[in-house]
Amino acid sequence: MPEKPKLAIYWAASCGGCEIAVVNLHEKLLDVDAAFEFMFCPCLLDTKKKDIEALPDKSIAITLFNGAIRTGENEEMAQILRKKSQLLIAFGSCACEGCIPGLANLHSKKDIFKAVYLDNPTIDNPDGTVPSISNEVPEGTLTIPAFHEKVKTLGQVTEVDYFIPGCPPESHQIWNIVAAVVSGAQLPPLGSVIGGGCISVCDECERVKADKKIERFYRNFEITPEPEKCLLEQGLLCMGIATRDGCGAPCPQANMPCTGCYGPPEGVTDQGARMIAALGSILDIGDSKGKSEEEIAARVEALLDRIPDYAGTFYKYSLPGSIIGGKVDK
Amino acid sequence: MNRISIDPITRLEGHGKIDIFLNEEGDVANAYFQVPELRGFERFCVGRQAEEMPVITNRICGVCPEAHHMAATKALDALFAADPPPAAKKLRELFYSAFYVTDHTTHFYALGGPDFIMGPDAPPGERNILGVIRKVGLDIGRQVIECRARNHHVIKTVGGRSIHPVAGLPGGWSRPITESERDEIVGIAQKNIDFALFTLQVFEDLVLKNQAYVDLITADTYTHKTYYMGLVDGQNRVNFYDGTVRVVGPDGDERVRYPAKDYASHIAERVEPWTYLKYPYLKDVGWKGFVDGPESGVYAASPLSRLNVSDCMATPRAQEQYELFYETLGSGKVNGRYKPVHYRLATHWARLVELLYAAERMLELANDPEITSPDLRTVPGAVIGCGIGCVEAPRGTLTHHYEADERGVLTRVNMIVGTTNNYAPMTMSIKKAAQQIITKGKVVEEGMLNRIEMAFRLYDPCLSCATHAAVGRMPLSVNIRDLSGEIIRTVSRG
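Protein chains in written order, with my numbering: chain A, 1 to 330; chain B, 1 to 494.
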């Protein structure tokens with residue numbers, strides 16, 4: 001029997017939701033198992049790091065790499081797996097764009113350590129101890145990986161062959177890719193986003209859309225939205241307009257706005273900039289006739305004041321991969 | 001000094017690593033359980049709009065996003081002083097019950113079960129989910145997959161998505177369910193009860209009827225007399241969704257009981273420089289190191305803990321199992337309630353008692369006439385400054401604490417998550433198992449790996465279920481080093 005192609009799934013700084021999305025293939029998981037030698041468990045790869053290093057280069061057919069690059073260990077494993085894999089796939093929003101862990105780029109490492117280890121309501125740390133990469137204990141030296149100053153995407157530390165979006169990718173999208181690979185179908189050009197659509201979430205959202213004109217933004221708890229009507233038109237900041245389709249729009253169907261986890265649509269580099277541009281064309285600032293520039297600006301500002309967190313709203317899943325990247329300490 | 005490294009072990013919010021040090025005599029001098037990962041949610045959630053937290057904190061854990069979603073949503077209820085309508089609370093708990101059924105099922109069959117059902121000395125090749133299936137029949141594998149699938153369907157129906165749900169709002173829930181959805185969920189809950197009873201029967205036949213396994217459960221190697229923590233309702237019954245936090249001592253006496261909002265008066269966290277994870281402990285008892293007993297502030301929060309802090313279960317069949325659990329393990333009643341069981345491997349059984357409770361509770365809620373009510377929101381008023389929410393995650397008591405300005409923008413965030421509660425007990429369990437199986441330098445080879453593995457696996461450290469579903473057992477590699485640090489022997493299993 002010919003050797004089955006090796007499939008690896010590794011996680012870096014992520015939550016495990018990508019693995020659960022794979023497990024949620026349910027009975028189809030057995031088909032995946034039949035088609036691949038399934039090196040499924042991240043700690044399997046981790047444990048056998050030396051064995052992985054000893055493998056000939058490119059001997060793993062496909063590595064689905066999920067998670068952002070937060071620590072030295074994450075980066076090291078990304079480099080090793082790149083070398084050993086024919087196809088290295090950024091699997092899920094963390095690997096593609098940095099996702100929620102990437103919001104940490106709004107803060108310095110020092111500030112993060114301060115909040116976590118020095119200054120919170122339950123902390124007991126009179127000596128001001130914070131973790132460090134090497135520590136002498138009575139019995140010897142203990143090491144932990146370095147915590148980097150910034151979160152990076154997988155593509156920022158190594159070459160990536162394909163990108164699978166979503167936080168996490170929807171299971172039916174994972175299956176589509178597996179089925180395509182197994183059937184020997186022609187894969188798209190390297191560097192493509194696969195496992196998503198080519199347009200926006202609005203295109204697959206069943207809510208009724210009319211002319212968009214926003215007179216006022218509402219926070220999600222301030223109104224009970226009408227059940228059939230576009231949420232953005234009701235003043236809820238729905239990111240569907242600036243987000244790739246492919247998820248099936250489950251959030252708007254549950255009466256909650258899209259928060260953008262599938263990343264920017266095809267051809268768009270920066271999701272937040274896309275959203276801001278879209279809002280610019282649909283904000284209803286009223287009749288500007290006879291109004292001074294200052295009055296118009298004040299009106300726009302009053303509208304936008306209803307959004308107290310631009311970065312967390314427009315770049316919730318995409319900050320490290322965006323054109324703004326994060327806050328820079330001077 | 002000789003040194004044994006297990007790097008990494010399976011997942012505790014991501015990554016874990018154990019270092020065991022031997023003294024000159026070849027006995028275990030100390031064991032360190034390191035967590036080499038931090039993401040920093042407590043800082044980067046500051047500046048976010050408070051109502052985003054159910055969606056942001058989902059991403060702490062993709063295995064139990066439902067628990068973070070719920071703790072966050074309850075913290076928002078408090079932050080906005082918005083008490084949800086009764087139907088919203090019931091719908092949330094229905095959602096949460098479905099989550100418990102799928103999570104406990106996965107742990108038992110894919111992670112804890114293989115060790116337990118096959119036994120620690122079974123050949124490694126059999127000690128996995130496939131071995132379990134061979135032993136108890138092919139039907140089981142299919143049943144486990146179907147159980148996970150039907151409950152994830154409920155999670156998606158009620159919560160909006162099957163992973164990282166979205167329906168939680170301050171003062172409510174975004175999506176009602178229809179009558180036909182309710183009917184479907186009733187059917188699923190009934191199947192869950194049958195499945196839980198079947199699973200308890202499997203446990204009885206394969207474990208309880210085998211004296212060797214019962215001896216293993218009650219062995220000193222896996223016994224720790226610590227404090228226990230868990231949420232209880234007004235009648236001191238186990239509750240996953242709501243209640244007050246009750247802490248009992250090793251003797252079973254109530255040490256403290258507090259509403260979630262007072263958590264910081266009772267819990268403190270210790271920082272060690274060699275790990276990114278903090279060690280929580282009971283503040284008024286104090287930190288005395290990694291030791292048992294009433295003088296040490298170490299507590300556990302787990303399925304076993306929840307049973308130990310409760311007087312009984314809230315559903316009839318789970319109550320029968322609860323009594324069987326304590327009677328079988330030799331715990332008599334004092335002042336009307338059972339004394340705590342300290343055998344940590346009994347956590348697997350406690351988890352199955354909870355599985356049955358979750359299934360029974362799910363059916364009660366699905367049959368509740370109010371469950372399809374569209375009245376699911378209390379529109380909040382102004383932010384009151386501070387909101388604290390607490391639920392029982394499958395792996396322990398989960399607390400979210402938010403402070404916000406008048407715009408509802410977060411100014412401070414603190415969280416004590418399920419697995420973290422058990423960091424000290426897990427460290428102790430690893431050390432004790434190592435001490436008893438490595439003496440005078442003599443190493444029990446394969447058995448050593450598995451017995452150390454079992455010592456922390458019983459706590460169900462986060463992500464266990466996902467990573468082991470296909471592999472079935474945890475690969476380990478232990479390096480034994482001489483005094484110069486050179487590896488003299490490697491014991492491995494992969």
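No lab work stands behind these hints: they were computed from the structure. Treat the hints loosely; a few may be bogus.
[Stated by the list, open to error] In silico BS3-like pairs for lysine-lysine, Cα to Cα no more than 25 Å straight-line: (1) B/K261 to B/K89; (2) A/K28 to B/K89; (3) B/K225 to A/K114; (4) B/K191 to B/K283; (5) A/K229 to A/K209; (6) A/K83 to A/K28; (7) B/K156 to B/K209; (8) B/K283 to A/K28; (9) A/K229 to B/K261; (10) A/K229 to A/K212; (11) B/K288 to B/K225; (12) A/K114 to B/K283; (13) B/K225 to A/K28.
Comparing the hints with the structure gives:
1. B/K261 to B/K89: 19 Å, holds
2. A/K28 to B/K89: 35 Å, violated
3. B/K225 to A/K114: 34 Å, violated
4. B/K191 to B/K283: Violated. B/K191 to B/K283 sits at ~43 Å, over the 25 Å cutoff.
5. A/K229 to A/K209: Holds, because 7 Å separates the two Cα atoms, which is no more than 25 Å.
6. A/K83 to A/K28: 29 Å, violated
7. B/K156 to B/K209: Given pair B/K156, B/K209 is violated - Cα atoms ~39 Å apart, limit 25 Å.
8. B/K283 to A/K28: The given pair, whose Cα atoms are some 48 Å apart, is violated under the 25 Å limit.
9. A/K229 to B/K261: 38 Å, violated
10. A/K229 to A/K212: 11 Å, holds
11. B/K288 to B/K225: 14 Å, holds
12. A/K114 to B/K283: 21 Å, holds
13. B/K225 to A/K28: Not satisfied, since the Cα-Cα distance of roughly 44 Å exceeds 25 Å.
Hints 2, 3, 4, 6, 7, 8, 9 and 13 from the list above are not met by this structure, while the remaining hints are.
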